[in-house]
Each structure stands twice: as structure tokens, then as C-alpha cells.
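Chemist: Here the protein sequences line up with chains U and D, keeping their order. The first sequence lines up with residues 1414 to 1815 when you count with my numbering. The second sequence lines up with residues 44 to 405 when you count with my numbering.
It is worth saying that the hints were derived from the structure and are not from the lab. Every residue, glycine too, gets a C-beta built ideally from N, C-alpha and C. One should not assume that every hint holds.
Unchecked claim - So, partial list: chain U residues that the calculated Cβ filter (under 10 Å) puts toward chain D:
hint, residue
1, Lys1446
2, Arg1506
3, Val1599
4, Thr1606
5, Lys1716
6, Asp1720
7, Lys1791
Said to hold, decoys possible - List time: in silico DSS-like cross-link candidates among lysine-lysine, alpha-carbon distance up to 25 Å:
hint, chain 1, residue 1, chain 2, residue 2
8, U, Lys1696, U, Lys1758
9, U, Lys1610, D, Lys226
10, D, Lys226, U, Lys1781
11, D, Lys226, U, Lys1783
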Amino acid sequence: MIKKLYVTIYIVIVIAFLGWGNKLIPSRHEISKLQLSKVAGFDVTPDDKVDFSLVIDDTNGKPSDSSSENGGSNKKKEELITINADTFVMCFRALQSYREKLVTTGHIKHILIGTEAAERGLIEEIDFASRNYDLRFDTNIYLTKDISSKDFLLTGIEERAAISERIENLSTSWHGVTNEGNFQLVDMLKLLTSEDKSGLVPALQIVDENTNVQDWQISTTEGESEQRIETGGYGIIKNAKLIGFLNRNEMLGYNIAKKNFKGVTLDIFHNNEKLGVNISNSKTKTEFSFSGDNLDSITLTLKLNVDLSEISSGKNIFKKNLAEYENEISNLVRDYISMAIEKSKSSEVDFFEFEQLLKINHPYRYRKLKDGLKEALKQVPIIINVETKLNRTYGMLSIIEE
Amino acid sequence: MEITKGKISIRQAYIILILALTAPSLRVIPNYVSRIAEGCGWISPFIAIIPGILLILLLNSLFKKNKELGLYEVFKKIFGSVLAKLICVAYIVWMLILSAIYVRFFGERFLGTLLYNANMKALLILILIFVGIAATKKIETFARLSEILLLFFIVLFGLVTFAIIPEVKVQNLLPVTYYDAGKILESSLPMIALFSYVTPLMLLGDKITHKEKMLIHGRKTVYIVMFFFFLLIISTVGLFGYSVNQQFIFPYYITLNSIELFGNIERMESLFISTWVASDFTIILMFVFILSHTLGKVFNVRKESLFVVPTIIVIYFLATLMFRNVYDIEMFTRKFGIYANCGLFVLLPLMAFVIGKVRKVI
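Chain U extracted, bound-state conformation (with noise of 0.2 Å):
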């Protein structure tokens, strides 16, 4: 009896390997036969095709033959390879027949999604890479900002760290502007599923010495500033189709009143001095207003969690009115979060969620509201209330003695 079971097994497990060889047992790659790549950019061409962007590192260090997209340098560490096709899926197969190695996309981490291709709409791109067996759900998503991805790509590799890393830098340990859960394939989903398919999406930009976005300039040992990526606020998508931008500041704002980062630096002036300031920690309230069954109005209660990282004149601001720099903090991000939400109320994208909050923490009313709730939304008057608390010196009062 026992025999019989073996000799059954033995014929299952030679079955298996012989009679239907590679279409049963997945085929066996040597690791370096492959060819590993962590980011990738989605874009659509004038005439209607789509160009899918793929960054490899170049461990070769080989001169780029005529289909690379980054000419011949063999100092380079990353290649840009891009294929146009009428289709995503035909790209991916365009792809295994260029390389000597087996391009995996398995390890891709970041997806980037050009502006024109964004503004055409989202939904080939997320469909495509969501059928994809190799993507991941977990896979960061970005808009790049007023340029196609693979423009942003070849102005990425170009600069001294790698790009994947240098995107990793931006969205985990840059602190300020950037949002502290990355948004990824799930969301974008989840985004793209929800039934008027609108909210925020990450985006980059290119930053040169023309473009007045950030409050500061880099210059390295290596030569003047030259063009590099950074944080471009979020892309604002109604319809599944990207209609605008939030900038910088409005992009401030809505990160503290969604508490959406892990910290944010702030230049405050006041009375001729300068103080450079984080919130650590903020918390926010929303309170709905009712008259009847109409909405009144919304009060947005945040309360701010201030650590003072430098004061230009040395002193000890703390024995001095304390109020005023708080107020002067709360001005200032009220003034953001007042910013942001304008840009919500024009573009008609309800970023806030307000309309979420109102189901969840008034679910009777909001039935009552939900027909005409979009328009209310918009002529609503938000009030915004900011409380701040300076509260951590880093152990340390001042320099000049008072």
C-alpha cells in the first residue's frame, strides 16, 4: 500500500516537471541574468500612445546604445530606458526584448505619473498597474509637476544620488512639506474608486534657480545649484483628471490641519527678530454649525505643538510675552490653512473631507444634506481657530544674558 503511494507521488511529481515543464513550475532566473528597477514613469504622447519610462542602474557601466534615452556617458550610474507603444503592456514587452537581462519590475517603488498624462486622466495608468502582477499595492505614486515623468526622470538621474533614493529621501525624512504616509497604489485606488473619484495626490517638481518655490538656495563644493527634484506640493484630481496644483502654501496648511506630516519648519519675524520654529504634534476639531436641517457653518479648532529652534537675537523669549510669538505662529498657519481651503472651494474638490466628517459624526443630517451638500460646501463659511504652545527650547533659554 505504501509503495503504491510513492509510485503514485513519483508519477505526479515526474508529471509535473516533464509533461508540462515551464508552464507549471515558474522558470528559474539567475540573479545576475536580472535586471532590477525601483522607478517608473507613465506618460502619454501627443498621438495617442504612451510612453512607459523605466530607470535601471546601469552596474555595467557600458556606454548606452542608440535606444537609450541618456546618451553615452559611462560615468552614470542609472540608465533611462523608455518605450513608446500603443499600450502599457506592450511597453513591458518591449522591454524584455531590449535588455540582455530579464527587467523585473517587481522591485519598483515609486511610480511617477506625468502631468499631461495626469490632466488626460488616471484611470489607464492605475488600471494598468494594478492588473500588473508585478507591481506592488504598496508602490508610491506621484504627479510630476508641470513636466512629463520621463523629462523628470532625465533631469533625476543626471543628479549625484540616485533617483530612487533621492525620492525615498523626499517622502520619508524630509520634514516640512512633505505628507507623512506615502500615498500608494492602494489609495490612488481607493481614490479612483470613490464616487466623485477627486482628492490629492503627491507630486515632484524640478527645481532650478528660476523656479522661486522654496525659501532657500544649495550651492555644492561641485559647482553652481544645478537643477534638482523636490516635494511639488499635491496635484488636485477631480474626475479622475488632475485640474490644478496646490502650492507650497497651501500645501503647508492642509498638512497641519490634516496632520499630515511628521514635523514643520517655520520662519516666523516678529519685532525684528527671526525665529525658526517646528510643530511637532497638532490636532485638529471639526465642528459642523447647524440652523434647522441647513448647514451654518464649519469651525476648524486646531491646537499646535511649537518647539523653538532658534531665536536671532539670543534672548530669552520666554520671559518676554509669550502670547505674541504664539499669535503671530497661529496667524501665520491659519493664513495656510485659510489658503488651502480657498483652493478647495474653487476648484470643487472637497480635499478636506468635509463631506466625510459630516457622514461619519452626523450620519442622520447628512442624509438629510447630502443632495445639496456639494453647494453648501462651497458658500459655508469655515472659521479657523489656531491655539499654539511654544513649549520646548531644547534645553536651553538663551545665549545673552537678561
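Following the hints, complete the assembly by docking chain D onto the known chain U.
Modeler: Chain D in isolation, oriented as in the chain U frame:
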């Protein structure tokens, strides 16, 4: 518990049931609940506890005076020989279709998750060969194997849930109002439909001992299964919201795909899918055991193992020919399967109970 040769205890039977239910519930529950009840579907398992316990009470009543018999013999006492045979033929046909669905889904899941370019027919033949080998062995061996596999499943599912719970967003599960009562009730239907597999399991009743503990262990089983459904909904709908879960045939796979343990360990889905396969194996094997046993009863053949190979061949052809793709199976399950389960495995025993009480045979 005392071990009897060729028989399993009621506790072991319930363990087989729990493990067998994991495979279909991972597929059906998140998607169906998201579609019907949206964010408030997590309440449905609590509602489904009531019909679950009622079904156990019902079966307990049917077997109260018939502890040594199987469901076929009980039906025979209540409906008479011809009608009992007809009912069992209906059960056989439906269980063949169910087995075909689970075999096909076993293949589809592999194709959709790990082995993208594999030959599906080869996968189906492989699992059916192993099921065939196992089905000719003793049922006690199957019961003991299920006990071990269930332990593995609990550990892995617990690990996944542990990793997911901190990421769950409460707003994905709210609001819940009395307006949602209808939706919550409706979304508890697939839970009852799945749990109703306890009825065909009782066709093996003459191989199940300690039926006097049917109610005690049955109640525990209902609680365990419904708690599992609850955690399943929390870790899918709670994580990504109902709208994402509505779009996928295997919503739980997205959850597995997104797990990161301690910030470092990821890509754990292969580990879980291998356990998922064990659950597939259990449910297919459970049905093949029941089918060969019931066929033996209907055709008065003592050697049940004679029916294993023909059953498996029929299941293979049904699995490959009945459905064009996974969408067909999904539609079949949603529009017909759930209701057929409830009709055959819940309403029919209820009818038997009523008639049996009237005729005073139970």
C-alpha cells in the same frame, strides 16, 4: 475523547469545517460585504451568529434520537426512501458544482497571485490527484491533518491581523445607523451560506461520534467562524475602504500584498497563500469524502472508495468546462450559489425538522 476506528469525533468534524471555510470566506466575505453593506459590514458576523446557532440547534434536534445515523438515514426516516434519495441526489449535484468551483478557484488564485504563467489545468489535476489519494485514506487521518493545519492557519492569520490592525482606519468602518440595518442583514447572508456547510458535513454523521456534544462544540464553532469573519472584514474593509474591496476578486490578497511587519519584513503573501492552499485542499477533500460516502449510500455500495476516482473526474471536467473565467464563477456565486446553499443546506433541514416533528420521528 474516545477514538473509534473509521470514525471522527464531532469536535474533529467542526475543526474540518472551520478550516474548510477559511478558503471560500477569504474570497467571498470581503467582496460581498463591501458590495452590500459598504463600511458597516463588520456588524454582519454578529447578526449571523443567530442563524448559525439556530442551524446547529436544528441539526442537534434531527440527530437527538438518531445519534448513530447520518443525515441520509435521518432524511429517510422523515421523508421516506425515495424522497431522501432525491434530496441526496440534489445534494450530490450541488456539492459536485461547489467542489468544481473550489478546484477552479484554487487554480485561479495561483494564476492571479504567484504562478502567473502556469498551466491551470495542470494545477487542477495536481490538486485533484492529491485529493484523490487522501480521499481513499481513513477519515481519521484527514481529521488529524486538519487539526495541525488549522493551527498553522491560526498562527499565520493571527500574524497578518496583528500587522494590519494598527493600520486600520476607523472612518472606513463608519458610520453605522439604523438606515443600514437592511444592508447589514443582507450582507450576513453569505456568512450563513458558508456556515451551512455544516449540513452536508452531517451526511458523514454515521462516521461522527459524540453527537451529544454537537450543541456545545457547535456553539463554539459558530463563535469562532463569525469572529474570523469579523477580523477578515476589519482587515480588508477597515484597511482600504469598501470601494477598493469591491473591485477585487481576492481582496484579501491586496491586504497581504501591503503588509510590512516591524517596518522591515514584507512580501509575506507567499507564506500565507501556501496555507490558503491547505484550506483549499481541505474543503475539496471534505466534499470528496462526503460525495463518495453519499454516493455509496444512494447506490447501496459499501466500498465508498470506488466513487473517489469518478467523482474527481467529474469535478475536473466541471471545473474546466463550467466557467470561462473567474468572473463567471464570481457571478455564479453571487447570483446563485449563496441562495442555493441557503436553500439546500438551511431550509431543507428546517423542512425536515418540521415534518419530522409532525410525524414524530425525531
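Chemist: Can you list which hints this structure breaks, lowest number first?
Modeler: Result: hints 1, 2, 5, 6, 7 break, sorted rising.
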